[in-house]
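Go ahead and model the full structure; you've got the sequences and the hints to work with.
Number of protein chains: 4
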Amino acid sequence: MVKTDIGYTTTDTIMVRGKNLSTEIIGKFDFVDMIFFTTLSRMPTPREKVMVNALLVTTADHGITPSSLSARLTYIGAPEALQGAVATGLLGAGSVFLGPMQNAAEMLIEGAKELRDDATDAEVMQAAREVIRRHKERRQQVFGVGHPIHVDGDPRVPALRELSRENGYYSLHWRLMEAVSEVLMTEHNRKLPMNVVGAIGAIIAAMGLDPLIGRGLALVGRSAGLLAHVLEEKSQPMAREAWELVLKADPRNVLP
Amino acid sequence: MVKTDIGYTTTDTIMVRGKNLSTEIIGKFDFVDMIFFTTLSRMPTPREKVMVNALLVTTADHGITPSSLSARLTYIGAPEALQGAVATGLLGAGSVFLGPMQNAAEMLIEGAKELRDDATDAEVMQAAREVIRRHKERRQQVFGVGHPIHVDGDPRVPALRELSRENGYYSLHWRLMEAVSEVLMTEHNRKLPMNVVGAIGAIIAAMGLDPLIGRGLALVGRSAGLLAHVLEEKSQPMAREAWELVLKADPRNVLP
Amino acid sequence: MVKTDIGYTTTDTIMVRGKNLSTEIIGKFDFVDMIFFTTLSRMPTPREKVMVNALLVTTADHGITPSSLSARLTYIGAPEALQGAVATGLLGAGSVFLGPMQNAAEMLIEGAKELRDDATDAEVMQAAREVIRRHKERRQQVFGVGHPIHVDGDPRVPALRELSRENGYYSLHWRLMEAVSEVLMTEHNRKLPMNVVGAIGAIIAAMGLDPLIGRGLALVGRSAGLLAHVLEEKSQPMAREAWELVLKADPRNVLP
Amino acid sequence: MVKTDIGYTTTDTIMVRGKNLSTEIIGKFDFVDMIFFTTLSRMPTPREKVMVNALLVTTADHGITPSSLSARLTYIGAPEALQGAVATGLLGAGSVFLGPMQNAAEMLIEGAKELRDDATDAEVMQAAREVIRRHKERRQQVFGVGHPIHVDGDPRVPALRELSRENGYYSLHWRLMEAVSEVLMTEHNRKLPMNVVGAIGAIIAAMGLDPLIGRGLALVGRSAGLLAHVLEEKSQPMAREAWELVLKADPRNVLP
Chain A
1440 MVKTDIGYTT TDTIMVRGKN LSTEIIGKFD FVDMIFFTTL SRMPTPREKV MVNALLVTTA
1500 DHGITPSSLS ARLTYIGAPE ALQGAVATGL LGAGSVFLGP MQNAAEMLIE GAKELRDDAT
1560 DAEVMQAARE VIRRHKERRQ QVFGVGHPIH VDGDPRVPAL RELSRENGYY SLHWRLMEAV
1620 SEVLMTEHNR KLPMNVVGAI GAIIAAMGLD PLIGRGLALV GRSAGLLAHV LEEKSQPMAR
1680 EAWELVLKAD PRNVLP
Chain B
1440 MVKTDIGYTT TDTIMVRGKN LSTEIIGKFD FVDMIFFTTL SRMPTPREKV MVNALLVTTA
1500 DHGITPSSLS ARLTYIGAPE ALQGAVATGL LGAGSVFLGP MQNAAEMLIE GAKELRDDAT
1560 DAEVMQAARE VIRRHKERRQ QVFGVGHPIH VDGDPRVPAL RELSRENGYY SLHWRLMEAV
1620 SEVLMTEHNR KLPMNVVGAI GAIIAAMGLD PLIGRGLALV GRSAGLLAHV LEEKSQPMAR
1680 EAWELVLKAD PRNVLP
Chain C
1440 MVKTDIGYTT TDTIMVRGKN LSTEIIGKFD FVDMIFFTTL SRMPTPREKV MVNALLVTTA
1500 DHGITPSSLS ARLTYIGAPE ALQGAVATGL LGAGSVFLGP MQNAAEMLIE GAKELRDDAT
1560 DAEVMQAARE VIRRHKERRQ QVFGVGHPIH VDGDPRVPAL RELSRENGYY SLHWRLMEAV
1620 SEVLMTEHNR KLPMNVVGAI GAIIAAMGLD PLIGRGLALV GRSAGLLAHV LEEKSQPMAR
1680 EAWELVLKAD PRNVLP
Chain D
1440 MVKTDIGYTT TDTIMVRGKN LSTEIIGKFD FVDMIFFTTL SRMPTPREKV MVNALLVTTA
1500 DHGITPSSLS ARLTYIGAPE ALQGAVATGL LGAGSVFLGP MQNAAEMLIE GAKELRDDAT
1560 DAEVMQAARE VIRRHKERRQ QVFGVGHPIH VDGDPRVPAL RELSRENGYY SLHWRLMEAV
1620 SEVLMTEHNR KLPMNVVGAI GAIIAAMGLD PLIGRGLALV GRSAGLLAHV LEEKSQPMAR
1680 EAWELVLKAD PRNVLP
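Residue numbers (my numbering), protein chains in the order written: chain A, 1440 to 1695; chain B, 1440 to 1695; chain C, 1440 to 1695; chain D, 1440 to 1695.
Heads up, some of the hints might be wrong.
Note that the list lumps identical chains together, so a pair holds whenever it fits in one copy or between two copies.
Once the Cα atoms are required to be at most 30 Å apart in a straight line, the calculated DSBU-like pairs of lysine-lysine come out as [claimed, not checked]: (1) 1552 to 1575; (2) 1488 to 1575; (3) 1630 to 1488; (4) 1575 to 1458; (5) 1488 to 1458; (6) 1687 to 1575; (7) 1630 to 1458; (8) 1687 to 1552; (9) 1575 to 1467; (10) 1467 to 1552; (11) 1442 to 1552; (12) 1687 to 1488.
The hints are simulated quantities; they were obtained by calculation from the structure and are not laboratory data.
Below you can see the structure in the form of structure tokens.
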């Protein structure tokens, strides 16, 4: 049968995962409850809620990124279609930006499979070496390390680590991610500190969520950041000037 | 200067609206705080938070809509690009679906401009007639009434009305929206009950938010619903069958 | 019945508008034939073909535009999803960029409705004044004049005018568009020369095409230009540097 | 320097790949010339033109596909944003639909690397076995064979084969693709005929084009088909009914 278990509609009710949207959900669920309920068919625990809020907040965006810049460039061409600007900003969330959170989580889940929860540091280091070896073999990059701007360390990592500790998610996956960074730094003799992708990957893995959900939550968080950028572009435009700045970088372009 | 006030980045800090993301935001703000903080540069009050959560929950989606169906159809062609499926679902949020929340809010803000907060019912009815007259004159539809499925009344409206009452947002804008529906029903002698678009428009107007923010919040809410649909499509596919169902509706299409 | 007249499929044939794709179309139709055939259910005349090729060529894009820049910014985040980068570049084609071709055509069709084909210059000038008056009344901009870069005249206009002349499409709509520009320049005492949007609007109107087709052809043309930009970004990247240029314009951003 | 070689703009000229758009391109280049010129910086030969036209025509779309259906579903929600509907239809062109043309071309280029142009049939069969072995080893599907609807053979393949023959592109890559299909059919003892993806992959490979260009041309071709569907949806809507058909497939949904 062609159907979804998420919900159905009759002339007088809307049902979501077996609950009545109007009488059992609106006003009773907050947004994070709703995310859990629609995707996983259950409510989050309080500590899951803390962590998911942190993921949404962290991925919301900040300043000028390729994602927010392209959303603003779309907005100035189609200001009547807010949805197109937000969609644009999301479309850059692929294998290079945001998407790797999924890959990092998958890498850590696979890498920690053989470890006991109380693995020694030496065992975790050994597993990290194994992860790196496997990725080399597959000619695949290792996820979750290094940052083009935060070269000495991603400032979001300590904040997310502390929060994971407080909520019982500083697990094997975090330790493995830290060990991967350490081994790589020694091997390559250069700074490759764990980054926000690694931290979120570790959190997703520690929470036992499908890594694709992690990637999806980043899209939800980002949509809020994009909204802020588009609203600012409306009242305080900068995208046209940004474009002209890029245009003028090539002296063959002559503007009036 | 080409700049944004939303945030900036240095090698060791990320600043959002004057606060340090790592030490002052992550773990301290929940997602609705972050939405307010990035878009409006302030924290929400508790009752604003209740209302914004309700808007996000209400717009998250439910069952098969054109938006969730198109997201799923995109996903089966490009399962490696989650962002494309979510973007697809958002692209249908235009002047017909979701977008009218902005128009309804604008209509109610304009219509209530001349009314005092304690306007009598007769004054509100008069203002409603004025709104309808103006829209006729502009050959523009009146927003916020009628529903193709919920013909006797949109079940989300009473839930949102009660919540608005409890939180001090059952204002002039709600009364005006209800009056618009009433006048239209009398004029056309058919059921044109207020719908979810009208309710959300009234809430946005009552909260004093930019109507574009209302439309944007609906996109954020919807992105969560789309995520749920894409995740379900991954484990319990239905989009291909749905497509074949549509294909077979024309008997000239012959499938094996 | 849920059906399309564009085509249908059986286990051994694919039919498009009544013709067999494999035996009657592939190798026999070129792309412009196919565009006409699928959208209008007929073949183009030779002079229609010349004009549609010119529209596709003109809108294909050139250099750095908000559209090509945002496509490249999306590509660097999701290089595995070419479709997302092309979609991004198209999403900026709204009411400000590309979309106005549709509006200009509509403006010219409406404005020329009362004129005979052999209207005198004075009659055309009078109709132009009427167009401008109507747009003022509706608080709507006049389409097809002025350009932020080509302040003294859009170089594409003479090329498209000549081609229209050669192919019998230098009609009333062209004359009306030119008159609109002339009247506005006199009224405002500043340069408001006809631009490419006005020229394409005039061509669409002169060809008797649905203005929405004009806008759609611009999307098809642009998709080719976007492809060129994405392919160049792959071998000769510039989007990351462009982003950093914008980032550095605000001195609060500190990059390593 | 942040620059593109595709083109630049001054106040009075637009240059594309060293040619003046207005005086040297518009009216002189047709669309396929322009595609070649902007992406490859050269004009196509006559037989390249025939083949690229065939690729564009073949990928333009026909009937109801997930791509055209999702574009139509987006259009009914946002009819003011044509670009969003076309973008939607393109977003489904990923690793499952259209995208595999790139993979098939890559597979054939790699597989034919060791073969001489006049390889014997036995050598080509041996190379095909090698291709299949390599894909198995990498746990990657073999591209270009089988079709859910055209189970006995894709009707586009003979048309594209004949055209390739006539234009000198029936090369090693075609023979290899046919051999891959043959070997697989023998191995699995079921029908796995070469499909349109394999044919286009073979053509791209035989033409010596970057496989990514092949995938991009499919997007350009598809954008024309999507335009046809959106235009039809405007005058002869079917998307809402299609949606209701899907909705009603689950009897829990009750429509008025």
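Against the structure, the hints come out as follows:
For a Cα distance limit of 30 Å, the shortest separation of residue 1552 from residue 1575 qualifies both inside one copy, at 19 Å, and across copies, at 25 Å. With identical chains, the CA atoms of residue 1488 and residue 1575 are never at most 30 Å apart, being 36 Å at best within one copy and 42 Å at best between copies. In the homo-oligomer, the alpha carbons of residue 1630 and residue 1488 never lie at most 30 Å apart, since the shortest distance is 33 Å inside one protomer and 42 Å across protomers. With identical chains, the CA atoms of residue 1575 and residue 1458 are never at most 30 Å apart, being 48 Å at best within one copy and 40 Å at best between copies.
For the homomeric pair residue 1488 and residue 1458, the shortest alpha-carbon distances inside one copy (20 Å) and between copies (23 Å) are both at most 30 Å. For the identical chains of this complex, residue 1687 and residue 1575 are neighbours neither inside a copy (41 Å) nor across copies (35 Å), given an alpha-carbon limit of 30 Å. Only between protomers do residue 1630 and residue 1458 lie at most 30 Å apart by alpha-carbon distance; the minimum there is 27 Å, versus 51 Å within a single protomer. Proximity of residue 1687 to residue 1552 under the C-alpha cut-off of 30 Å is found in neither arrangement, the shortest distances being 53 Å within a copy and 44 Å between copies.
In the homo-oligomer, the alpha carbons of residue 1575 and residue 1467 never lie at most 30 Å apart, since the shortest distance is 49 Å inside one protomer and 39 Å across protomers. Within a single copy, residue 1467 and residue 1552 get their C-alpha atoms no closer than 38 Å, and across copies no closer than 32 Å, so neither meets the 30 Å cut-off. Neither within a single protomer nor between protomers do residue 1442 and residue 1552 lie at most 30 Å apart by alpha-carbon distance, with minima of 35 Å and 46 Å respectively. In this homomeric assembly, residue 1687 and residue 1488 never come within 30 Å of each other (Cα to Cα): the closest approach is 47 Å inside a single copy and 36 Å across copies.
Of the numbered hints listed earlier, those contradicted by the structure are 2, 3, 4, 6, 8, 9, 10, 11 and 12.
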